[in-house]
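> Each chain, letter by letter, is given below.
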Amino acid sequence: MTATIRPGISACPACSAAPAAEALAAGAAVQKDVRVALSLPTIHCSACIMAVEKALSEYPGVKSARVNLTLKRATVEAEPEVMPQDLVRLLDGIGYEAHELDPGTLSATQTDKAGRELLMRLAVAGFASMNVMLLSVSVWSGAADATRDMFHWISAAITLPTIAFSGQPFFRSAWAALAAKRLNMDVPIVLAILLAVFTSLWETTLSGEHAYFDAALTLTFFLLAGRYLDHRTRAIARSAAEELAALEVPRAIVMVEGEERQVPIAEVSVGDLVLVRPGGRMPVDGEIVEGQSEIDRSLLTGETLPVFGGPGREVSAGEVNLTGPLLIRATAVGEDSSLHRMADLVAIAESGRSRYTSLADKAAKLYAPGVHILSALSFVGWYLYTWDLRTALNIAAAVLIITCPCALGLAVPAVTTAASGRLFRKGMLIKHETALERLAEVDTVVFDKTGTLTAGTPELINLDQVSSRDVSIALALAQGSSHPLSVSLTNAARAAGFEAAEVSEIAEVPGYGTKGVWQGQEVRLGRARWLGAEALSRTAAWLKVGDAPATAFEFTDRLRDGAEEAVAGLLAAGKDVYLMSGDTTLAVEEMARRLNIPHWLAEALPADKAARVQAMTDEGKRVLMVGDGLNDTAALAAAHVSISPASALDAARVASDIVLLGGDLSPIAEALGTAQSATRRIRENFRIAALYNVIAVPLAVAGLATPLIAALAMSTSSITVSLNALRLR
Amino acid sequence: MNILVYLIPISLILGGVGLAFFIFTLRSDQYDDPEGNARRILSDEYDDKPKQ
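Residue numbers (this note's numbering), protein chains in the order written: chain A, 1 to 729; chain B, 730 to 781.
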């Protein structure tokens, strides 16, 4: 990062001045130590931790290294000269797979401040409620007169500061709701807590019999526990999602006066020459200046056939360069690139999703006004009956405490924590808080083909139809190349027991194929056009021996692991399954037949996909969209709920609610089942909470409730609800 | 009943000490890597001072 500052090649002088100024600013900043984050997906034991930390801290320039096994991540403090790539190579050398993480994307999860704060409030509430409960038990078992008063005063002394500290999340949320003239679950909670503390204080000053200090504290404790569970589930999902995003370090190689220089993508400006190596992704939109290659556009369009790219051809950000190095001149960067324009489509579709009301919100809408009215009615009724403000207020407080949504507050988080944890272990990351509920309602599933149902790696299908002479020549030509078709051909031929023929003078012609000399004849393996053959509609590599007509090696996309199980499982569960792809009709039809998918749509443009999903939604169907490419992004956002694999483009992952962490698709069918049982548990929990209210509320309204009954009912219902949620595991 | 004069403060102080310890562990990042901490005690390497 200690690059010397040179003016970039640029059309206008001002454009070149801006990056130079930025480089100067960056140069000043990097004098400090840098923090490098590495993802270590394979570490699992204490020996791994020690080996990695030892290797890293012995590396020159590294100040300290710490492994976090829970996050499977290493944090390294090092001098600015240390390049992350060198550390990755070092760890690879001692047998640990490592990937660099972009520290900018990760910084948000470095310390979970909100989680820690909640835990602190939970601990204080727990401590206080235990102590107050101890005193309350003595009161219930018969402490009287001065002793009882003293116990009440001590309870008050513990309760008041605790509520003031631990209750803050509820106070803030309730205030925010009231300020916006709405009612949420926290409004009755806050009212119950405050009224309980107030009436108990009043009772205590008058040496009364009943004080609800313990109820106010246990309520706060249980509700905070629910809140913390909720927060943790989301924090885990957020950190895993951020790690996926951070794995793609946004860097580009820019050529400045014939020298390669690595810069963040954000600093590439229009007119810069960008070098894209084989296997690399185009960082910006641009035009090819130099080099020939094949370009994989499947993430953008869904086509499986790579297209030829040579000087003058336009390329878009997100396309993958397959064979030869390309030099491109940037024509649109950052916000203007085609990748970013897609984000606008997503934003429009997203607004539709936020209209979904979760079960908890629905319950709160019914519950909050009901409780207030009930409590107010009992206050008015008892006041008119006795003309005693103290009795009426006590009873109103008791009604609020008894109905307070202790179990309701736990009902949803306890279930979602259990369900998300279960799906996470199976390799599914639930990103959106209501994703589980929406997943449970799904009746139609739409799959994208390329990259979703298929793994994106080709598979040779006509090996037995090609003469063994041709196979061995092709093997000889293919084995030195890293082109996906060559790799696949090599693997298939080797697996079938073929030996490579003796071919000399093998040379790769970027963008076309490989050529060599076999028994005095020229042999070529590559694209149809290069060999003068008629192109097939499916992916193929051609072999030409001498002047004989070319032979085709046909390929099909290999199915992703678990694709068959996932589709079969969904069909068996009675879901409607669709296949929508931007690929050719033949390829899509073949895939649909192979997987028994009843409905399919080929050659779909991104807007077509989104429109079809929208049309299904308008018909009243609940659509689950599974896709990975940029061409799926709008459809992913338009669907009721969406899933994307971890290999998907960043934009697609952002647009989807659930991310599949492994390469396997089979958890999808199961996830639908888990989501349904989770929603069932949530409803059951609401019913349990309601049942307990039906029994306890009449007692409270009749003025028969005592703090003991309130405490018993509250604890039993909370525990039943939590146990019910645990049945999901 | 005079015994309460000792017992109540004692119970409060003991609980408070537990709470203070919990807050201390929370403040010093001891819950960031529970899995790693469980494994680290199995290591044979000792260090003189805790790592930052």
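Read the hints as simulated data drawn from the structure, not as lab findings. Only a predicted model underlies this, so the values are computations on that prediction, with no experimental measurement involved. Treat each hint with caution, since some may be false.
If you want the footprint, here are the derived chain B segments under chain A, 3+ residues with CB under 8 Å [unchecked claim]:
| id | segment |
| --- | --- |
| 1 | 732-742 |
| 2 | 749-756 |
| 3 | 759-769 |
We treat Cβ as the ideally placed atom computed from N, Cα and C, and that holds for glycine.
> Return the numbers of the hints above that this structure violates; sort them in rising order.
The structure conflicts with no hint, since it agrees with every one listed earlier.
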